[in-house]
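Take the two lone chains and join them into the complex the hints point to.
Chains as they are written, first to last, in the working numbering: chain A, 1 to 337; chain B, 1 to 337.
Keep in mind the hints are simulated off the structure, nothing from the lab.
Just so you know, not all the hints are guaranteed correct.
[What the hints assert, rightly or not] Once the Cα atoms are required to be at most 25 Å apart in a straight line, the calculated SDA-like pairs of lysine to any residue come out as:
{"id": "1", "chain 1": "A", "residue 1": "Lys273", "chain 2": "B", "residue 2": "Leu130"}
{"id": "2", "chain 1": "B", "residue 1": "Lys163", "chain 2": "A", "residue 2": "Gln283"}
{"id": "3", "chain 1": "B", "residue 1": "Lys214", "chain 2": "A", "residue 2": "Gly268"}
{"id": "4", "chain 1": "B", "residue 1": "Lys163", "chain 2": "A", "residue 2": "Gly47"}
{"id": "5", "chain 1": "A", "residue 1": "Lys273", "chain 2": "B", "residue 2": "Lys258"}
{"id": "6", "chain 1": "A", "residue 1": "Lys134", "chain 2": "B", "residue 2": "Leu213"}
{"id": "7", "chain 1": "B", "residue 1": "Lys163", "chain 2": "A", "residue 2": "Glu277"}
{"id": "8", "chain 1": "A", "residue 1": "Lys273", "chain 2": "B", "residue 2": "Glu216"}
{"id": "9", "chain 1": "B", "residue 1": "Lys214", "chain 2": "A", "residue 2": "Tyr272"}
{"id": "10", "chain 1": "A", "residue 1": "Lys273", "chain 2": "B", "residue 2": "Glu53"}
{"id": "11", "chain 1": "A", "residue 1": "Lys273", "chain 2": "B", "residue 2": "Lys141"}
{"id": "12", "chain 1": "B", "residue 1": "Lys258", "chain 2": "A", "residue 2": "Gln283"}
{"id": "13", "chain 1": "A", "residue 1": "Lys36", "chain 2": "B", "residue 2": "Asp275"}
{"id": "14", "chain 1": "B", "residue 1": "Lys141", "chain 2": "B", "residue 2": "Leu130"}
{"id": "15", "chain 1": "B", "residue 1": "Lys214", "chain 2": "A", "residue 2": "Gln283"}
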Amino acid sequence: MMTNDILYSIQGLNVEYETRLGAVRAVDNVSFDIQKGEVLGLVGESGCGKSTLGKALLRMIEPPGHITSGKLLFDGLDLMTLSDSRIREYRGSRIGMIFQDPMTSLNPVQSIADHLTEAMLTHGMYSGEEEARKYAEALIDRMGIRPERIDDYPHQLSGGMRQRIMISLALALNADLIIADEATTSLDVIVEAQFLDLLRQLRDEFDLTIVLITHNIGVVAEIADRVAVMYAGRIAELGTVYDVFGEAMHPYSQGLMQSVPNIVLDEGDSLYKMAGEPPNLLQPPSGCRYHPRCPQAIDICSQVTPTFRPGKTGHYVSCWLYEEHPAMKETQTGTIA
Amino acid sequence: MSNKDNGSVLVSLINVKKWFPVRQGFLDNLLARGEPEFVRAVDGVSIDIARGEVFGLVGESGSGKTTVGRLALRLLKPTEGQVIFDDIDISTHSTEELRVLRSRMQVIFQDPMASLNPRMSVSDAIAHPLQIHYPEKMKEKDQIVYDVLEDVGLVPPHIFQNKYPHQLSGGQRQRVVIARALVTEPELILADEPIAMADVSVRSLLLDLMNRLKDEHNLTYLFITHDLATAKYICDRIGVMYLGKLVEVGTLRAVYSKPLHPYTQALMAAVPIPDPNRRRSQPLPRGEIPSPINPPSGCRFHPRCPIAQAVCAEEDPEMRELEPGHTVACHFAEQFL
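Just chain B, same shape as in the assembly (with noise of 0.2 Å):
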C-alpha cells in the first residue's frame, strides 16, 4: 500500500536525463562524419515532490524546466534516471501502461487555445477524459460538467456549457482546461506557465483559483513559471533551473529570503519591483544563458557568476543541504548564509 497522507512524496525524479539528438544532415549520418551532438535539455536533476505541495519550477527559456515537468509525468522518456509516480517506477512503462495511470495526473498548458479543440462544446472538451478513463460514468456527464464548471467559476454553468472555445475569453479557456483537469480527479497536475498568457487583472483570479481547487481536491502541483514574481502567490517550494540543472531547491521563504546561488541572486535581483522607488541597482550577470549542446565546464554559471573561481570551471558542484530542506549547487555558496 502507498502512503496517501500529505508530506508522503509522489512524485520523485530521480538522477533523471533527457539528452535530445541533433539532427544532422543526410550526408553525415550516410559518410558517419562527426560525433553525433546531443542538446541536454535536462542533465542529471532529482526532486521529490510531496502530497499536497505546490513544487515551483522558476527558470529561464532554455534552462529545460518545461522538459523536467514532460519527464515527471513520462510524456518523454528519460534518457537516463529513474521517474516514479506514487511508489512505482514509472522510467520505462509503455504508452499502454502509462494509460492506467494518466487519469491521475493532468496537465494545464500556456495556451488555452492550443489545449481545446476549437470544434468541441465546453462540455464536451470537458467529459472527454471521463470518455477516455470512465466510460462508465459518461451518463453522469451533465451533472459532472455542471459541477465542475461551477468549482471553476463559470456560472451559471448552463451559459458555459454549450460555448466553443471562440467565445470565451482567455481567463474563462484557461478555466475550461482547468476543469478538464480536474474532472478525472487527479492527485498530480503539471501546471506549465499556466496564467503566463493573461492579463494582470485576470492573472490575480486564476491564482486565487488554483490556490482554492489545491486545497478542495487535494491536489499536488508542479508549477512551472519563467515569472518569479507570480511564483510566490502559490509556491510552498521552489527549484530553480539553469542550463539543464538545478542549481537550488528550497521553500519559497527560505529561497527569496536567501537565495544562496548566484544565479538565483541574479534572477530575482533582474525581477522589476512594482514601486519606481525601489529600481534594481544590483548589477547583472553578463551575456546570455550558453547554449545546452557544449554547457561549459564544471559549474554551468561560471563564465557568467560573479564569484567563480578556479575550481568552478573544473568541478560540476553538487547540491549540497546548506540549511534544513534548502539546498544548492555552488562551491562557495556558504559565504550567503
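So that you can see chain A by itself, here it is in the shape it has in the complex (with noise of 0.2 Å):
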C-alpha cells in the first residue's frame, strides 16, 4: 500500500551525454519523492529523458553518459556516495529493473533455473543451491509459470513469460523498488493487462515500490497511484493520477491528455492536435522548454525557467501560469517587452 513514507528521495538531479556536437542535458535539474508502496508512472514522450532517468535511478548511467550533480538519497543513504562495488550490491537486491526486451536482459545459454539460482547465490541470499532452487521454483509458480519450465531457456518461453522472469529475478532478492521501463510495451495487449494484474499483487504481497517508465498514458491511468509527466528532460508536473487525468495544470500534461485515444464509443472523438515537435536537446528552449509549443505561453516563459512547486496539496508543477512571480506581475502589466 502506498504510505507517505519516503523511500527515495531525488534532489537536483542532472544527467548529461557528451556527443560531438556538445552537451546533451538529458535530465535536467529534476527533484521528485518516491514514497514507500507506491505505483509511480513516469511518461513522457521519445527522447523527454524518462528512460535516462530510470536508469539515474540505478547509477547506471553509461559513458558518454554521466550523472554530473545531485542526490539520490535512497532509504536515507545517498547512492552518489557509494563505491562501485557498493552500488552493484544495491543493483538487484534493493532496486531491480526491468526493460523493454526481457531477450537483451536474460542470457540465452542459461537455463531459468540458472539466472535465479545464481543471482541469490550471487547475493547471499541462500547457502545452498538445493535450497535457492527450490524457492525460485516457488517464485515463479507464484508468476503463474508452471515450475517444470524451470530448466527452460529463454527463447522457449514467450514475451509475457520472459517479463515475469525479470520480475522473479527482482523479487528473488528482495528488491524494495522495481523500475519497470517501457516493461509492457512489447506485450500484447492482452499479456500486458495479466501483467499489470500480476504487478498489482505482487506490490501488496511483497511490499514493493514501482516506478513504470512508460509512453503509454492508458497504462499509468490503469495502475499507478501517482504520475510525474516529463518534458525535455524536466518533470512538468507531478500529482495523484486522480488530479493529473481529471486537472492537469501544465499545458503540456493537458495536451498530452488530449492526445490519448480512447476506445470507448462517443468519448474523446476529436483528439488533440499538439503543434510542433519535441526540442533538439543539443540547443534546448529558453525557458520553459515547452513555450514555443505552448498555446498558452506569455512573455516570462521564453525568458526565466518556471520553478517546480507546489499548487495544490501534493500536485506539483513547472508553469509560470501558476507562479506568483515579481516578474510575472511585471510582465502581465506589459513592463517586460
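Shown next, in the form of C-alpha cells:
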C-alpha cells in the first residue's frame, strides 16, 4: 500500500551525455520523492529523458553519459557517495530493473533456474543451490509459470513469461523498488493487462514500490497511484493520477492527456493536435522548454525557467501560469517586452 | 467495365490461406523423417473491402493480420483461395502481371526509417515510384513532389525536398512515406501499423492526415493495427483476427458497442481507458495466444474461452451474420445480441 514514507528522494539530479556536437542535458535539475509502496508512473514522449532518469536511479548511466550533480537519497543513504562495488550490491538486491526487451537482459545460454539461483547465491540469499532452486520454483509458480518450466531457456518462453522471469529475478533478491522501463511495451494488450494485474498483486504481497516508465498513458491510468509527466529533460507536472488525469495543470500535460486515444465510443472523439515537435536538447529553448509549442505561453515563459512548485497539496507543476513571481506581474502589466 | 463507385467491392479475399513450411533440419529431410509442419498464418479468411472505406484488421501478434494484408496486395501468394482486385483475380498473377497493377496499390509500414533509403533525398524517394510506373511524368517531377509534400503537410516543401531521412523527425519521415505512397495516385493503401512507432502527440496528427487524404484522394485503406483505441479514430469497419482466422467483422460502431465474440470482448476489455476512475474490472482470459503450428481443434479460442462448451473443441464455428453486416464465428454468440 502507498504510504507517506519516502523511500527514495531525488534532489537536483542532472545527467548529461557528451556528444560530438556538445553536451546534451537529458535530465535537467530533477527533484522528486518516491513514496514507499506506491506505483509511480513516469510518462513522456521519446527523448524526454524518462529512460535516462530511470537508469540514473540505479546509477546505471554509462559513458558518454554521466550524472553531473544531484543527490540520490535511497532509504536515507546517498547512492552517489557509494563505491562502484557497493552500488552493485544495491542493484538487484534493493532496486531491480525491468526493461522493454527481456531477451536482452536474459542470458540465452542459461536456463531460468540458472538465472534465479545464480542471482540468489551471488547475493548470499541462500547457502545451498538446492534451497535456492526450491525458492525459485515457488517464485515462478507464483508468477503463473508452471514450475516444471524452470529448466527452460529464455527462447522457449513467450514474451509475457520472460517479463515475469525478470520480475521474479527482482523478487528473488527481495528488492524494495522495481523500475520498469517500458516493461509492457512489447506485450500484446491481453498479456499486458495480465502483467499489470500481476504487478498489482505483487506490490501488495511483497511490499514493493514500483516506478513505471512508459509512453503508454492508458497503462498509467490503469495502475499508477501518482504520475510524473516529463518534457525535454524536466518534470512538468507531478501529482496523483486523479489530479493529473482529471485536472492537468501544465499545458503540456493537458495536451498529452487529450491526445490519448480512447476506445470508448463517443468519448474523446477528436484528439488534440499538438503543434510542433519536441525540442532538440543540444539547443533547448530558453525559459520553459515547452514555450514554443505552448498555446498559453506568455512573455516570461521564454525568458525565465519556471520553478517546480506545489499547486494544491501534493500536486506539483512547473509553469508560469501558476507562479506568483514578481517578474510575472510585471509581464502581465506589460513592463517586460 | 468495373464499377468505380464508392461502396462497390475493391478487394475481395475468398477463403484465403497462407501456410508457411517450418524449416526442418537437413537430416530430417534426407531421411524423410517426420511429417512436414506448417505455420498456418492465415487459415481461411474471407473479406470484402469496399471502395472508399477504411477496413481495420485488428489482433494480437501472431494473429495473421500482417499476412492477410500482404495477401490482399499479393505481396505473398496464397496457399489456397482467391484474391480479387477490382474484379481481376490476381491470386496466381506473376510478378510481371502484378507490376501493371502495382501503381494502384501502395503500402505504408510501421518503421519509416526502414522504408526509406538513407541515401535518397526526400524528393528522389517520393519520385521513385513515378520513375517506375510513369517515367513520362518524370519531367514534371519537381512540381509533383512539391504538390505532394504540401499535401502531406511538409510545408514549405522547399525546406524538405532536399533533406535526407536522418535529418527528419519520425513523424516527418512517416509523412514522406505517405507522400511516396500517394504519388502514383493509388486506389488502395495497405497501412500496416503506420503510427505504432509515433509518439502520442504525433499519432493524432498522422491519423488526422490519413483521414484527410482518404477523403481528398478517394482512397481505400486496409488499416492493420494491434491498437484498438487508435482504430476507433480511422476505421469504418473492423475485422478481428485470432490465430489465423477472422472471428468477427462488423462496422466499428457495432463491434465496439456490442462485441459478439468472447475474444473480441476480452481484447476490448484489456485496452486501458485513459481515466483512473475507470480501471478494468472484467477478468482476463487465461494464458496466451497458442502456436499456429498446431492450433487448437474446433474453435481456436476454446481453451481460453469463458463460455466454451464441448462442441467448441470439436466444431470450427462458421462465420454467421447475426445482425445485418455484423458477422461472428462463435457457436454461442446469440446471447450477446
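> Which numbered conditions among the earlier hints are violated in the structure presented, ordered from lowest to highest?
Replying inline: 1, 5, 6, 11, 12, 15
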